[in-house]
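Please construct the entire structure, taking both the sequences and the accompanying hints into account.
Line by line, the protein sequences are chains A and B.
With the working numbering applied, the first sequence covers 1 to 98.
With the working numbering applied, the second sequence covers 1 to 207.
Do not take every clue at face value.
Unchecked claim - Under the rule of at most 16 Å between Cα atoms (straight-line distance), these lysine to aspartate or glutamate pairs were calculated in the EDC-like manner:
{"no.": "1", "chain 1": "B", "residue 1": "Lys91", "chain 2": "B", "residue 2": "Asp177"}
{"no.": "2", "chain 1": "B", "residue 1": "Lys26", "chain 2": "A", "residue 2": "Glu64"}
{"no.": "3", "chain 1": "B", "residue 1": "Lys26", "chain 2": "B", "residue 2": "Asp177"}
{"no.": "4", "chain 1": "B", "residue 1": "Lys91", "chain 2": "A", "residue 2": "Asp4"}
{"no.": "5", "chain 1": "B", "residue 1": "Lys26", "chain 2": "B", "residue 2": "Asp178"}
{"no.": "6", "chain 1": "B", "residue 1": "Lys173", "chain 2": "B", "residue 2": "Glu119"}
It should be emphasised that the hints constitute simulated quantities derived from the structure, not laboratory data.
This is what each chain is made of:
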Amino acid sequence: MSSDHDNNYRLILMVWSSLLILTGAEVLLAYQSMSVAVMLGLLLLLSFGKAGLITAYFMHLRYERLSLVLTIVPAVAFCIAMMFIVFPDGLRILEFRQ
Amino acid sequence: MAEIVSDTRVSAWGGGESPYAVSSNKLGMWLFLMSDTLTFTAFLITYSYLRLANVDWPRPFGGFSILMATVMTFCLLSSSLTMVLAVAAAKRQEIRQAVIWLIATIGGGVLFMILHVNEWLELIHEGVTPFGNPWGVPLFGASFFALTGLHMTHVTGGVVYLAIVAYGLGKGKLGSDDVEVSGLYWHFVDLIWMFIFPMVYLLSNQM
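Here it is, written out as structure tokens:
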């Protein structure tokens, strides 16, 4: 029981430090020169990784029943993916203006 | 006869069962967070779309602003860590310890709010309003204040919520389940900042 508790404690600390490291990586990335679209893509990728860690371990979703996970995650992921449709249009406007 | 009818209708969804194996409070919180995710996504995509489509988008965030925003990220991430510890302590029925961790979480939230308000005041002082700014695309102020304002409302609400939970837990009126549900909300506020920080601050930094 006690070692179980220690293991959980270590896991949570590992998740927390990974989140800090990913944040540091994002800050470093922000000072590299690249096009804004590539930068947005890379930052989004890292952020989704962080969001995954938070929901899985901090919000405990990894340990919930599969039925709850399947109710929450795919619907939200689908709606977010649909909203991403506007990004190609943003790039098209940028091309017109340049 | 009655037995046959009930046999054919046995289903996890028929009532009297808990298909998700969570309390109704927790399910309710998850459903709220689902809808809130989509609200924030709309605000975040509005900001990122405008950022992408405008070559003359203002880039007001200098090294100090980025440093402050990184410290704010650290505050929220650490308050999430103390929240996890509060939930774990409450589950072990160590009420005193749980209340202490909850107060630490509130402390992280309050520190975040102070730094954020300070940053808003600086921007307002430089002339950024929801209707314009000295540097270019007027929509910067509108989308920035709408997004960070909505997030700040959530942080403020979360601090009040956690204070009520800490008080109720200390008085014995609320249990470990209530701490867990408030934890979900607090982690969500943290999660949203994990998108605001790169999308708003890092994409509009002064190179």
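Against the structure, the hints come out as follows:
For a cut-off of 16 Å, the pair hint linking lysine 91 of chain B to aspartate 177 of chain B stands: about 8 Å separates their Cα positions. Of the supplied pair hints, the one linking lysine 26 of chain B and glutamate 64 of chain A holds, its CA atoms being roughly 11 Å apart against a limit of 16 Å. Among the hinted pairs, lysine 26 of chain B with aspartate 177 of chain B is consistent with the structure: their alpha-carbon atoms are about 8 Å apart, no more than 16 Å. With a C-alpha separation of about 14 Å, the suggested pair lysine 91 of chain B and aspartate 4 of chain A falls inside the 16 Å cut-off, and the hint holds.
Taking the CA atoms of lysine 26 of chain B and aspartate 178 of chain B, the gap is about 9 Å. The hint holds against a cut of 16 Å. Only pairs whose Cα atoms come within 16 Å are accepted, and lysine 173 of chain B paired with glutamate 119 of chain B is rejected, the gap being roughly 38 Å.
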